[in-house]
Structure formats: structure tokens, C-alpha cells
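> Spelled out, the chains give:
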Amino acid sequence: MHQQALCALLEKIINEVLALNVNGLGALLPLEQKTLTVLLAELTFPLSFSVDQQQILVTSLTERSDCQLTSSIASLIALKKEQQITELIKQDKLELNGDMKVAQQFAALFENLAIDWQSELAVHIGDIPTYKLSQFSLWLGEKVKFAAKQIPADASEWLVHEKRLVVTRSQISSFNQQVTSIADEVLSLQARIEQLAEKLTTTPSTTKI
Amino acid sequence: MSSPEQPSLSNQQSADSEKTTHFGYQTVDKGEKESKVAGVFHSVAAQYDVMNDLMSFGIHRLWKRFTIDASGVRPGNKVLDLAGGTGDLTAKFSKLVGREGKVILADINSSMLNVGRDKLRDKGLVQNIEYVQANAQYLPFEDNTFDVITIAFGLRNVTDKDMALRSMYRVLKPGGRLLVLEFSKPEHDIINKVYDFYSFNILPKIGDIVAKDGESYQYLAESIRMHPDQETLKSMMDDAGFEQTSYKNLTDGVVALHKGYKF
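Quick mapping for you: the protein sequence lines, in order, are chains S and A.
So for the first sequence, the working numbering puts the first residue at 41; every next one is plus one.
So for the second sequence, the working numbering puts the first residue at 1029; every next one is plus one.
None of these hints come from the bench; they were simulated from the model.
Check each hint, because a few of them may be wrong.
Said to hold, decoys possible - Selected chain A positions facing chain S (in silico; Cβ < 10 Å): (1) S1122; (2) K1123; (3) I1230; (4) K1233.
Claimed, not checked - Only pairs whose alpha carbons sit at most 30 Å apart, straight line, appear in this in silico DSS-like list of lysine-lysine: (5) K52(S) with K1262(A); (6) K1058(A) with K52(S); (7) K185(S) with K172(S); (8) K52(S) with K1276(A).
This structure is a prediction, so every number in the text was calculated from the model and none was measured.
Ideal Cβ placement from N, Cα and C applies to all residues, glycine included.
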């Protein structure tokens, strides 16, 4: 019954959000009695969105669909850019059956959502906390924006300049090899000197004075 | 002991004889059951929705959604919501069949019907719903009238279930489907034991506190145990003439949705 739970949750969220739309529920009028069915690759069941009397019903019924859209969540996100539709269809990432206008009207409904969050929040927590919270969110937004710009800039700076100065793993490895090789040579030289020194001390002197 | 002793099979069979039937664990005359069941529902009607949410922890809403999803209902269809009570299924069907369709909310109990009518009118659902006080055994509709018939948590209260199923078959259109959502037998023993304990020890207490009527909820628990199990109900539907009958257990079989077609 997880699919019924998901449908119930989606229905609740969608209708709550639509009720907050400052443009009113007029946008639903052209969709009255229309149904869009979405078949997502990630889900094993369909999701049907039907409009009735300024409400959206979410079910798993497929019998009353005006338009059926088969896709994946990633492709649906890419659909935000309208010009992507044809490309996604060509790439077999999106399949549309039925009245395409219904899908476009549903998309337009959510694109044109305008919610006055401050007024809604003020009803619950009061004007001053809402003002403070909105100021804080503005400040936080600016910080995030700045960070979003600064972090890539710093990263590219580091990649272009600083990274060149950093010793690479292969350089360290090559250096280690050289050190080992010199150490070996020093050891063999030491052995040779020791041999010569020994010879000098053990061999009697043949030099006549 | 978690549950009162259930009558033996022979008692059940004798209870289902021509003159008598069961009312919970009691054996009563067939004529008497109707008025006793009516008494239960007159008593609980006002608190019915609250009690449903409390008793099932809200899961009854998902069971009903499952029924809607299995109905295959289309705009313009004619739906009969039998024993529709406070109209949960009717409300959804009303939206799904649209203006061209029609939903009949039928219940034998006037109190339940009144609560349902008030609730749906308060929701603004008026244009395609009709209310009929009717006994499921003698449905006051012409043959081949409905595309979909549902009976949710109602069949176990019907005096003669076979007769009710035949009556439903008669009023269903060829190609139409019947959906019976009803309490059933849990698939696992452990669930059965927990369910028994809950039904006979906790449920009547909740009923006593919330609806001020523990006895009605004791009846509810007993009537669930006396209701035919999944396979028996399926064969009863077959006997009534339904084809391609099947059932789906929900919540481990605490509830089952039976489906059958008329061709």
C-alpha cells in the first residue's frame, strides 16, 4: 500500500500548495476533468493527476488518462527547459501519448505558482518573527550566493596556479627511487673502500727504501 | 485469554441455517439481526469517522484508496457505494466520475446515511450524488445499472450475504466490477494473536471512551471473526455468478479486497 500512501501524501502537498497560490485557482479551470498520467522509471506504478472542482486528485488509476507521460525523475527535471522536450523525446528519455496540451497546461500551472510565503508565515508566527526570519534568509541567501561564486573562483585559482607548485605523487616516487639508488651506490662504494683498506693493512710492504 | 471463545464450526453452520444467523458470536433469528445491526449503527453513526481513524490508526484511508485504484472507474461511470456509511468512497468516486457520472450512496441505516449526506454536502459534493436507503439483499435498482459497485466494511453486517451478492450481480452492468473491502483473516499467526488481543481487549475500551458504546465495538470484533475468510468469500462470489474473482490481502490480511466481474 506504499503507492496509496505516496498518492495521499502528494495529493495533500499539491492541494495545500495550490491553495496558497496568490493567482488563485483559476489556473485549474482549463484542466477541469482532465487527467495526466505519469509513468516514472523509478516507480512501479503510475501516478495520475486529475482535476476536479479546483482540486487535484492523485491516484494510480490509468483508465481516465488524457495524456500519458513516460519518463524518469532526471528527465522531468531537465524538462524545465522547454526546448529540451524534443531532444528528450529523440533520445527516448521521454514518451508522450495523448493530448500534449494537457501536459503543457499542468506544467504551466506549477510554473506560474506564486506564493506569498511571508504573509502565510506571519499568520502562524507573527509579523516581527516573520520579518526577522525573512531578513535572516536574505542574509543567508546572499552568503550562499557569494559562496557559490567564490568557491569555484578559488578552486580554479588553486587549480591553475597553486596546484603546479605541489609535488606530484610520481615526482615523490621518482625522488624516492633516486635516493634509494644513491644509497645503494654509497653502500657499494663503502664496501669497496673497506676492501681496499683491508688490503692495505694485510699486504706486506714491498717498497725498498 | 485475549478473545472470547469463538463458536465452533457446527454452531456457525447451524447459525447460518434457514431461520437463524449470527450476530457477533450470538445466534439470532434472521429477522432479528437486521434490527440489532441497525441498533449498533444508530449508536455509533455520529462518532463513526473518528472511531475509524482511531481504531485503524488512519490506515482505513489507504485501504479505501486501494479500493478506488482497483475500481478502474472512468468519467461518466455510474457507481453504487453500498453500505457507504459516511461516504468516504462516495466522495472520491464523485470527483472521479465527473459531472456526466453518478454515484449512489446506499445504506440500510438512516443515521449513517444522514451523517454521510451532511458530510458530503459540507464538502460541496452535491451535483452527482444520490442517497438511497436500501437493503443490500433487495437492491431497488433496475438490472444492469452500475459500472462499479463497492461495499466497504458492510458485507459482514448483511443478514444473507449470498442473497446480497446475487442482488449486486443483478444490478451490475455486463463488464462491470464488484469490489468488496472487508475485514478478513490475517495470514500469519503472530499477527492474528496481536489482532485478537487488540480487537477484544483494546477496541471495546476505545469504543467505550470515545463513542460511549463498548458493546457495539465488541460486536464489531465478533462480527469480523464470524465473517467468511478470503477463500470462502471468493467462492461465494463465484456462486453468485461473478467471474474472474480474485482477492488481495491488505495489512497481512487484516483486510482483504475481493474483486469480481460480470460478463
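> Should the interface hint for I1230(A) be scored as holding, given a Cβ-Cβ cut-off of 10 Å against chain S?
violated (23 Å)
> Would you settle whether the hint for S1122(A) is holds or violated, based on the nearest Cβ-Cβ distance to chain S being less than 10 Å?
holds (8 Å)
> Would the pair K52(S) and K1262(A) pass a check requiring their Cα atoms to be no farther apart than 30 Å?
With Cα atoms ~35 Å apart, K52(S) and K1262(A) exceed 30 Å; violated.
> Are K185(S) and K172(S) close enough, with their CA atoms no more than 30 Å apart?
Between K185(S) and K172(S) the Cα gap is close to 20 Å, so the pair holds against 30 Å.
> Please verify whether K1058(A) and K52(S) have alpha carbons no more than 30 Å apart.
violated (44 Å)
> Would you mind confirming whether the straight-line C-alpha gap from K52(S) to K1276(A) stays at or under 30 Å?
The hint holds at about 26 Å.
> Tell me if the interface restraint on K1123(A) is satisfied: Cβ within less than 10 Å of some Cβ in chain S.
At about 4 Å, which falls below the 10 Å cut-off, the nearest Cβ of chain S leaves the hint on K1123(A) intact, so it holds.
> Quick check on the hint: K1233(A) CB to chain S CB, less than 10 Å?
violated (27 Å)
Violated hints, listed in ascending order, are 3, 4, 5 and 6; each of the other numbered hints is respected by the structure.
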